[in-house]
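Chain by chain, the residues:
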Amino acid sequence: MLIVNQPIYIRSAAGISPRQGEPDYKALLDPKLLRRMSRIIRMGAAAAMACLREAGIAIPDAIVTGTAYGCLEDTGLFLKSIIERNEDLLQPATFIQSTHNTVGAQIALMLGCTGYNNTFVHRGFSFESALLDATLLLADEEAATVLVGGVDELTETSYALLGRFGLFRRTAAGEGAAFFLLTREPSSGDYARLEGIKTFDQPDFRGVREGLMSFLRSKGLTPEDIDLIITGDNGEISASLFPGVPSLAYKQLCGEYPTSTSFALWLAARHVRSGIGRVLIYNHYLGIYHSVYLLSHAAE
Amino acid sequence: MSTTRPVAVAGAGVISAIGANVRECLAALVSGHAGMGDIAWLDTAHRGKIPVAEVKASNTRLQEIADVPGPVSRTALLGLIAAREALDNAAIPEPHRWRTGIVSANTVGGMDLTEDFFARGLRGRLREVVQHECGYSTEWVAGRLGIRDYQTTISTACSSSANAIGFAAKLIRHGMLDIVVAGGTDALTKFTLNGFNSLMILDQAWCRPFDDERQGLNLGEGAGYLVLVSDAVAATLPAGVDCVLSGYANANDAYHQTASSPDGRGSWLAMKTALERSGLQPGDIDYINLHGTGTQNNDLAEGTAIRRLFDPDYPRMSSTKSFTGHTLGASGGIEAVFSVLAVRQGIVYPNLRFHTPMPELPFVPERELILDLPIRHVLSNSFGFGGNCFSLVFSKCLS
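Chains as they are written, first to last, in my numbering: chain A, 1 to 300; chain B, 1 to 399.
Bear in mind the hints are in silico, worked out from the structure with no lab data behind them. There's no promise every hint is true.
As the list claims (entries may be wrong) - Over the 10 angstroms line for every Cβ pair with chain B, so calculated as not near, a few chain A residues: (1) GLN20; (2) PRO203; (3) PRO223; (4) VAL245; (5) SER247.
Said to hold, decoys possible - Among the chain B residues that face chain A by a calculated CB cut under 7 angstroms, a handful are: (6) ALA45; (7) ALA119; (8) GLU133; (9) GLY135; (10) SER155.
What the hints assert, rightly or not - Below, a list of computed lysine to aspartate or glutamate pairs in the DMTMM-like style, where the Cα atoms sit at most 25 angstroms apart: (11) B/LYS56 with A/GLU87; (12) B/LYS56 with B/GLU24; (13) A/LYS80 with B/GLU128; (14) A/LYS198 with B/ASP149; (15) A/LYS219 with B/ASP149; (16) B/LYS49 with A/ASP88; (17) B/LYS272 with A/ASP140.
Please read all numbers here as calculations on a predicted model, not as lab measurements. In this text, a Cβ means the ideal position worked out from N, Cα and C, and glycines have one as well.
With these hints in hand, go ahead and build the complete structure from the sequences.
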């Protein structure tokens, strides 16, 4: 599915990747609220606030969130209390914060943002679904500024279970949050121009190769035109299709999680802002959810 | 605010406590038979104490109806049954000519299986938690129905499946897909029953939406899907199109994680914007399918928002949650199906068990069934935790 075709602009971007260290949450969030926040809400809300602060925008027109697992910690705590207390005299606090839309809702609540608010929960394409919604909101001129992000948390339980599924055999376990302020019109100080995003369902190696090449052709580009490729695999694709192009295996930084492409986009946006002309992101999650992103310098 | 292009509704499918398909649900709505009762299938300590609106079938029976082997989460089974009915009902000639997608919603994914796994101290088989993610049931249903071109899943609490229908309409309007199965599914689980019970908003008797003596909601379960199609697909339908989604809007209440603002600002904004996008005036609406959960807070907020938008001329209104209970992530889909049926057949459903008007509101919901009403436009409301509000407008299509 072609998720972004007409260019859109990344005005600001902020990410949190606990493997790379965490921010001073108190500088970004009200300490009274912070105490009650689970890890995913804390990461998501802090990244969103940092992103808006950088953009100098108090309230965006729309907030769209992608999360595959949602609020695992609060879900697990409430499940545990159901079992331990045999369904009797339960405290509602963890249930209240367990719904998948909690991160997006908490951001809206903190900002007093009554605009469009949606949450996508489609496994390895949760963030890409949110980006598609953001693109359509901008195209319809339903919103001029969209805050869009990807966020997932790792808990002791999910680490143990996902490990049993073999998810961390080749990459370390990860979690994190990254939010972006997207606009249809360019402005000075933009991080990057998002030229295109395409997703592929379960292609074989040949399908990936053809998908990437046709994506580049549709942008009038060849592999030599790419200045940096940021990959979520172990470099197999970049080595064979983009020889000579510098590559960066981003999951060595953030670990593996279903919305990790939001981290990759944050990384790519910062590289473009620091002067690299064209960055391509290629990721697959579990070999099922493949995506490719193209970013270029905003002023081009 | 500019209006949006209407999107054709080609089919509808539903399963709920009042029936396993459109025909059965409609018969119950017309005869006034609610689906609440004592808990029969959910394995919970609350059995015999809290009424719920269960789909009247065990998982084994649902697997037989769906014609699939187990173990499959109840959420996915309900979703498959309703989504398949919606596609059969649409009866699109040569469906393989077109790009088809699914936008499905739910709130707790395969929680019914996950909670059993937790109860055994996380030592069970992985196949019991592999269905936990919300996206799993969407993929499973898409696989069973041969839907290949796009799939996604939305979760915005009780407005989830209304959002799914709105997002599906966007994909059609932008020419990204030709056919989209859109709606949602949610099974009753110990997780949600205990969650709502801990919030003390479950009525110990059968719920009474918009009644002054309302005591809370009854939880229900089920699934509801529409098939939305492009104009090109609509032109191939032998029976034509008699109902369109003419507008919709998403807004946030931004007031509290679980409670609605006293003036229902999010609900008001969603309804008002949906009308504007439909190019309609409040007076054009003939029937409102209320969110109407039956809690003190929800009904007052929704009623106050309706007063602000519609006063002094109110359309007919009712909450079909008085039949199905509150089906959470499925409610927007189920009520969209009921709204489409209202448009197609000119029916206003009764709001069951209504006796005492709320002193705060100048209107009351319909107590009796109304048949053969010329209905032009129906507004369907879905509001949820996290302040997520969504309104859909369905209109009679005369072409």
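Do the hints match the structure? See the list:
no.: 1; hint: GLN20; verdict: 26 angstroms, holds
no.: 2; hint: PRO203; verdict: 13 angstroms, holds
no.: 3; hint: PRO223; verdict: 28 angstroms, holds
no.: 4; hint: VAL245; verdict: 30 angstroms, holds
no.: 5; hint: SER247; verdict: 29 angstroms, holds
no.: 6; hint: ALA45; verdict: 4 angstroms, holds
no.: 7; hint: ALA119; verdict: 6 angstroms, holds
no.: 8; hint: GLU133; verdict: 6 angstroms, holds
no.: 9; hint: GLY135; verdict: 4 angstroms, holds
no.: 10; hint: SER155; verdict: 4 angstroms, holds
no.: 11; hint: B/LYS56 with A/GLU87; verdict: 23 angstroms, holds
no.: 12; hint: B/LYS56 with B/GLU24; verdict: 12 angstroms, holds
no.: 13; hint: A/LYS80 with B/GLU128; verdict: 17 angstroms, holds
no.: 14; hint: A/LYS198 with B/ASP149; verdict: 13 angstroms, holds
no.: 15; hint: A/LYS219 with B/ASP149; verdict: 22 angstroms, holds
no.: 16; hint: B/LYS49 with A/ASP88; verdict: 12 angstroms, holds
no.: 17; hint: B/LYS272 with A/ASP140; verdict: 18 angstroms, holds
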